[in-house]
Amino acid sequence: MRVTATWFWLASLISPILAIHASEAGIIDWHKPLVGVPLISSHHTAPSFHRTENARDRSTKSVVLTTTASNVVAALHPENGTVAWRHTFDERDHVIAYKASGDRVASISGPGGAAFRVFNVHTGALVIEQQLHTLESGRLFEPPSLGVGLAFESSSPNSDVFVLTDGHTVRRISGGNGEVQWVWSSPDQSSLYVYSDIVTTPSAVYLVGLAKSFAAYTIHIAAVSPTTGELLASVDVPSTVTDGPSQLLVLRNKSKDRHVIWLEDGRIRSLKLSPELKEKATATKGALYKKLIDVKLSEDGQLVGIKQDGSGRVIKLAEDGTLKVTWEFENSATSKAYTESMYTGGKDMNGETYIARVFWSHVLRTASAHVLAPHLADGKGLITGFTFPFATHSHGIISHVALDAVNPAELQVLSRILVTTSTGGVQLWQQDQLQWTREEGLSDIRAAEMVELPESKAVTTQAANEENESFSARLSRQISDAKDFPQYAINFARRFATGSYASVSSSVAPQANASQSLSRDTFGLRKIIVAATSHGKVFGIDSSNGEIIWSRVFGLGWAHEVGGRIIPLKLFVTKTVGDAEGENPQVVVVAERKADNTLVDTVVFHIDALTGADVLGVSKDKDVLQGKDVIAGPSVGAYLFQNDAAKIVILFDEFLQTHIFPDTAFNYDVFTRVVKSLHFPLRSSAGTSRTLTGHKINPVKEFTGKHVAYPTWTSAFPSNEEIRAIVTRPSSSPVASFGKVLGNRTTLYKYLNPNALVVLTGTTTAAKVKSCSVYVIDASKGSILYHSVIPPLLSGECDVKAVFTENWLVYHYYDSETGPGDQTKSHRIVSVEFYEGNKGDDKTSSSDLSSYSNASTSVYHFEQGYIFPRGISAMATTSTKYGISVKDILVATDNGQIVSIPRRFIDPRRPKRKVTAEEQEEWLMTYDSLLPDDPRRALSHKYQILNARQILTSPSLLESTSLIFTYGPLDLFSTRSSPSGTFDVLSEDFNKVQLVLTVLGLLGAILVSRPMVGRKKVKERWYE
Amino acid sequence: MTATVDYSKWKNLPPPPGFSQSSSSSSKTSSKAVAAASASYASLKESRAWDFAISPAKSLPMQAFMLYMSGGGVQIFSMGIVFMLLLSPFKNLAAINTAFAPFAPTPAPGDKSSSTTSPNSLTALPLQKFVYLICNLLTLALGLWKCKSMGLLPMGTGDWLAFETRGPPAEVLLM
Chain A
1 MRVTATWFWL
11 ASLISPILAI
21 HASEAGIIDW
31 HKPLVGVPLI
41 SSHHTAPSFH
51 RTENARDRST
61 KSVVLTTTAS
71 NVVAALHPEN
81 GTVAWRHTFD
91 ERDHVIAYKA
101 SGDRVASISG
111 PGGAAFRVFN
121 VHTGALVIEQ
131 QLHTLESGRL
141 FEPPSLGVGL
151 AFESSSPNSD
161 VFVLTDGHTV
171 RRISGGNGEV
181 QWVWSSPDQS
191 SLYVYSDIVT
201 TPSAVYLVGL
211 AKSFAAYTIH
221 IAAVSPTTGE
231 LLASVDVPST
241 VTDGPSQLLV
251 LRNKSKDRHV
261 IWLEDGRIRS
271 LKLSPELKEK
281 ATATKGALYK
291 KLIDVKLSED
301 GQLVGIKQDG
311 SGRVIKLAED
321 GTLKVTWEFE
331 NSATSKAYTE
341 SMYTGGKDMN
351 GETYIARVFW
361 SHVLRTASAH
371 VLAPHLADGK
381 GLITGFTFPF
391 ATHSHGIISH
401 VALDAVNPAE
411 LQVLSRILVT
421 TSTGGVQLWQ
431 QDQLQWTREE
441 GLSDIRAAEM
451 VELPESKAVT
461 TQAANEENES
471 FSARLSRQIS
481 DAKDFPQYAI
491 NFARRFATGS
501 YASVSSSVAP
511 QANASQSLSR
521 DTFGLRKIIV
531 AATSHGKVFG
541 IDSSNGEIIW
551 SRVFGLGWAH
561 EVGGRIIPLK
571 LFVTKTVGDA
581 EGENPQVVVV
591 AERKADNTLV
601 DTVVFHIDAL
611 TGADVLGVSK
621 DKDVLQGKDV
631 IAGPSVGAYL
641 FQNDAAKIVI
651 LFDEFLQTHI
661 FPDTAFNYDV
671 FTRVVKSLHF
681 PLRSSAGTSR
691 TLTGHKINPV
701 KEFTGKHVAY
711 PTWTSAFPSN
721 EEIRAIVTRP
731 SSSPVASFGK
741 VLGNRTTLYK
751 YLNPNALVVL
761 TGTTTAAKVK
771 SCSVYVIDAS
781 KGSILYHSVI
791 PPLLSGECDV
801 KAVFTENWLV
811 YHYYDSETGP
821 GDQTKSHRIV
831 SVEFYEGNKG
841 DDKTSSSDLS
851 SYSNASTSVY
861 HFEQGYIFPR
871 GISAMATTST
881 KYGISVKDIL
891 VATDNGQIVS
901 IPRRFIDPRR
911 PKRKVTAEEQ
921 EEWLMTYDSL
931 LPDDPRRALS
941 HKYQILNARQ
951 ILTSPSLLES
961 TSLIFTYGPL
971 DLFSTRSSPS
981 GTFDVLSEDF
991 NKVQLVLTVL
1001 GLLGAILVSR
1011 PMVGRKKVKE
1021 RWYE
Chain B
1 MTATVDYSKW
11 KNLPPPPGFS
21 QSSSSSSKTS
31 SKAVAAASAS
41 YASLKESRAW
51 DFAISPAKSL
61 PMQAFMLYMS
71 GGGVQIFSMG
81 IVFMLLLSPF
91 KNLAAINTAF
101 APFAPTPAPG
111 DKSSSTTSPN
121 SLTALPLQKF
131 VYLICNLLTL
141 ALGLWKCKSM
151 GLLPMGTGDW
161 LAFETRGPPA
171 EVLLM
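Top line first, the protein sequences correspond to chains A and B. Quick note: the first sequence uses the UniProt record's numbering, first residue 1, plus one each step. Quick note: the second sequence uses the UniProt record's numbering, first residue 1, plus one each step.
Hints in this document: simulated from the structure, not taken from any laboratory. Careful, some of the hints might be misleading.
Calculated lysine-lysine pairs in the PhoX-like style (CA-CA distance at most 25 Å, straight line) [what the hints assert, rightly or not]: (1) 148(B) with 740(A); (2) 839(A) with 32(B); (3) 696(A) with 770(A).
Now the in silico label distances, taken between C-beta atoms and shown as ranges [said to hold, decoys possible]: (4) 942(A) with 154(B): 41 to 51 Å; (5) 75(B) with 942(A): 42 to 52 Å; (6) 60(B) with 909(A): 38 to 48 Å; (7) 909(A) with 163(B): 23 to 33 Å; (8) 737(A) with 48(B): 27 to 37 Å; (9) 916(A) with 154(B): 18 to 28 Å.
Short, incomplete list of chain A residues facing chain B, as computed with Cβ under 7 Å [stated by the list, open to error]: (10) 492; (11) 739; (12) 754; (13) 780; (14) 783; (15) 850; (16) 851.
Note that CB positions come from ideal geometry on N, CA and C, so glycine has one too.
Work the whole structure out from these sequences, hints included.
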């Protein structure tokens, strides 16, 4: 133990990174907390304003509440759009509904509503957490928010909450301590009927649901006693509802009566709720309706009905229980001049209601909002209309609106409209002024790359024609070029004297008022992160500060008419700064377009990485980005082929036909020259399980004019295993050394077979004995080079994360088995290194050896397992320009940190005894099974990076420094890491002044002593 | 100014002691004694030549001790000693003929025609020079051994790893 401790102490002394300095936090790194794209499909989850009143000074404070696709309940400050608080839910515990009342917001999550939580609406403090049923026993509905509901008994601070879950179970949960007071379950659980709404009155809790009947649904209502949970009455209302629970509302009028409202044959029907459920339904007369819209004002007895011609009417439940049309929005009928209107309701601080109609005008190309204040103008209703310049070319279309309004003066209504866009943006408009925008689409990045920036262009007046330039013209040009020389000389002298060089620990972000064009800094630490999101938008993000430099919305092409989605599959950098002088770097996004008429196409977008401009030249800069349809159908694989001549994107369609992009004659020529040596693995389904099949491309064109790939091998995995993930080496990882030199000067030659890749498999759901496997296979012939079997999670699932670089494989899993001895359940990291031959000095030259050579599978490995204190959600290695620096493993841990694990700690060759002198020369340490949880190795400083699922690393111009960008279903974070220390720049505390003074002093000494020595020499001659 | 020196009066002065008028006259006087003296002188020279030839070997134990004391690290002292060990054999061998010239046997007065017996030639004292060569090689070997033990000789494959190159891969995997 003593020895270990000493070694650890020594190791930490030598360890290049001790920790990120506090002074560097926020300068070399940035963190963007996101909340995710709001779930707008259901009124249970969609964003809404919530206003609370401070009892003391009667001031009100509002927040924007929402649940998001990233499985978060979040509150935003409406003033500036910052996150007030957010709560992330577990991956298997999806949040499906929320409801706010007073200072509390309650949420239901999990299948069927397994968990119930109450948060403070302003601080996000978790007040109550109650597991209602196990995740497995929950009933799954589509949509998931069906069959759940929340109702607060009253608006008092600690009132009890009635929770409807699973479509048939109601609980009364104490608002004070979260205890379940009573549970009532519907006696008939045969899923014939599902309750979808819950309302409370002092006399009864009403559950309103639909029962399945032959052609349509009928309404089923149950009344439960709020005190005891006994069923008071239940009734099947003779009715025909065709459109499901969205057309079923419960309104409350001023006399606190509840009425169930539904649409039947175009007539709105209403049924008063009483504990005995004896009332009869009544129907409205007059106009026919096609849809009812819940504008979240059911407590105030208002809804919007859409007439058959599409125009919207505000319908109010009067005190006598009749439904009255109080307003009809003008010109709201379906028209080609504007889109279908969206209706939403809101309240001001006095509790007065407002209803807004928001639509996009195709003629004016602006968004318009008409806000109705029914209580103004002596109760006749006042409408306030305005247009707001919603930028549809950069934010898509408005998909949801929420309203908040104030009435500062008589006949004046100021409204705030929260807009959720189809690209995942959230915007707040105050009348026609945009207050803030949150790009929540960034929480769902599907593909990202870092692109190097070009050098800043030196300002020189280039002569048009240097040969024919006259002498005087040339002289004057060069004099004009030299006008900046004094400035340069002064700068040089100052830099030389003071040592104010670019520093690696300073920010490379541009100055706030800098108008210079995009250019890289001295060390190449500033890059552009091009990120394509699943909400059809691509962003160019400055890696130095996280600012969005440009963004483009993917155009739908022909699917514009029918609607659809663009889902990016891959993103390739097809032109870098070094490829062509003076040209901007370019990226290609390969995306799948799923049109709403079920047609799937593969579209390619070719983008200038610095400006976001369309390289294809089809779309204008102020418009959506149009791509090129390369395959009429889905693609089975898209790859980047690169050699010295070209970078080509190669795509394969379902019939394994080859498509290349950009489809130029030059690229085709390059392709035909290498086509014989190309091969690629594809996932295929053989029978029930998914396997891997290797393919080669036929060098001879088919009659269709396309090269067709043909299968060459199929993986030899057991039939009950299926592929979960394929892990390849990072595409740009230069190998600095082909071997590892040992203390005795022999060499372990690294197994660098370029065809090796890692396949993670798991047993199929049908298999009785569950297990997971890690394979390393040679993807050109399918032979297995390494195989290890890993215990699965207790649930039988596989959660293996792996990273593979050079000859080094690291994987992480949770060992839920307790083995013999004192082995415990723990997270494990296994480190494996592959070497050529079967002992030291064996050399097969694996990196350029043909896979068909016998020696290509001659490989042996070292492996060692370590206990890691945490679960992880992502894993990567640092990457540097030449691969000389040590590679550290970066992991995103489950406590929201990005941690760098030094290679020395997980070296698979750490000896399990005292290290010998030779091993000491290699800096090996004695094996210690536990990797210490050292907070100094957290690169993320104090930030909590939630749900990081991907870590992207990219080299800078400094060999020592690697840029890191993490993204996931939520936060973005970027920092730098120097695994071997910043050995290639002078340290920050290097005393340049002292050096200069010493040199100057020596110079002075020479000047003084030189004549003295000369005189002395002459004198010596005289007196010799 | 007619002062002239008459040299003739010194013509009959006896030679200084040790300078005989002519060898023939001295050999006449004691040829046997002279022969014995020159023989012992030659053997003395030869034994001195042998001594000189094996002198590098004699200093080997001392140098080995010095190497042992200087340690295995690459420092200024050990490096100085190692450089001395590596350089001195070459220096010695370069100066081998001049070093052995004093010990070369005096050529017999009769055969002046033979050039092989010139004291500066390589063939003078061949056996001693060969032994001297071997002894110097021993010193060199000691120096090299020290270099090797210090890890300065590129003996292992690891020392040549940086010069290894690999060609482009034979097959290209699209990933």
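Structure-based check of each hint:
no. : hint                           : verdict
1   : 148(B) with 740(A)             : 20 Å, holds
2   : 839(A) with 32(B)              : 78 Å, violated
3   : 696(A) with 770(A)             : 34 Å, violated
4   : 942(A) with 154(B): 41 to 51 Å : 50 Å, holds
5   : 75(B) with 942(A): 42 to 52 Å  : 46 Å, holds
6   : 60(B) with 909(A): 38 to 48 Å  : 40 Å, holds
7   : 909(A) with 163(B): 23 to 33 Å : 24 Å, holds
8   : 737(A) with 48(B): 27 to 37 Å  : 57 Å, violated
9   : 916(A) with 154(B): 18 to 28 Å : 22 Å, holds
10  : 492                            : 37 Å, violated
11  : 739                            : 5 Å, holds
12  : 754                            : 4 Å, holds
13  : 780                            : 5 Å, holds
14  : 783                            : 13 Å, violated
15  : 850                            : 4 Å, holds
16  : 851                            : 5 Å, holds
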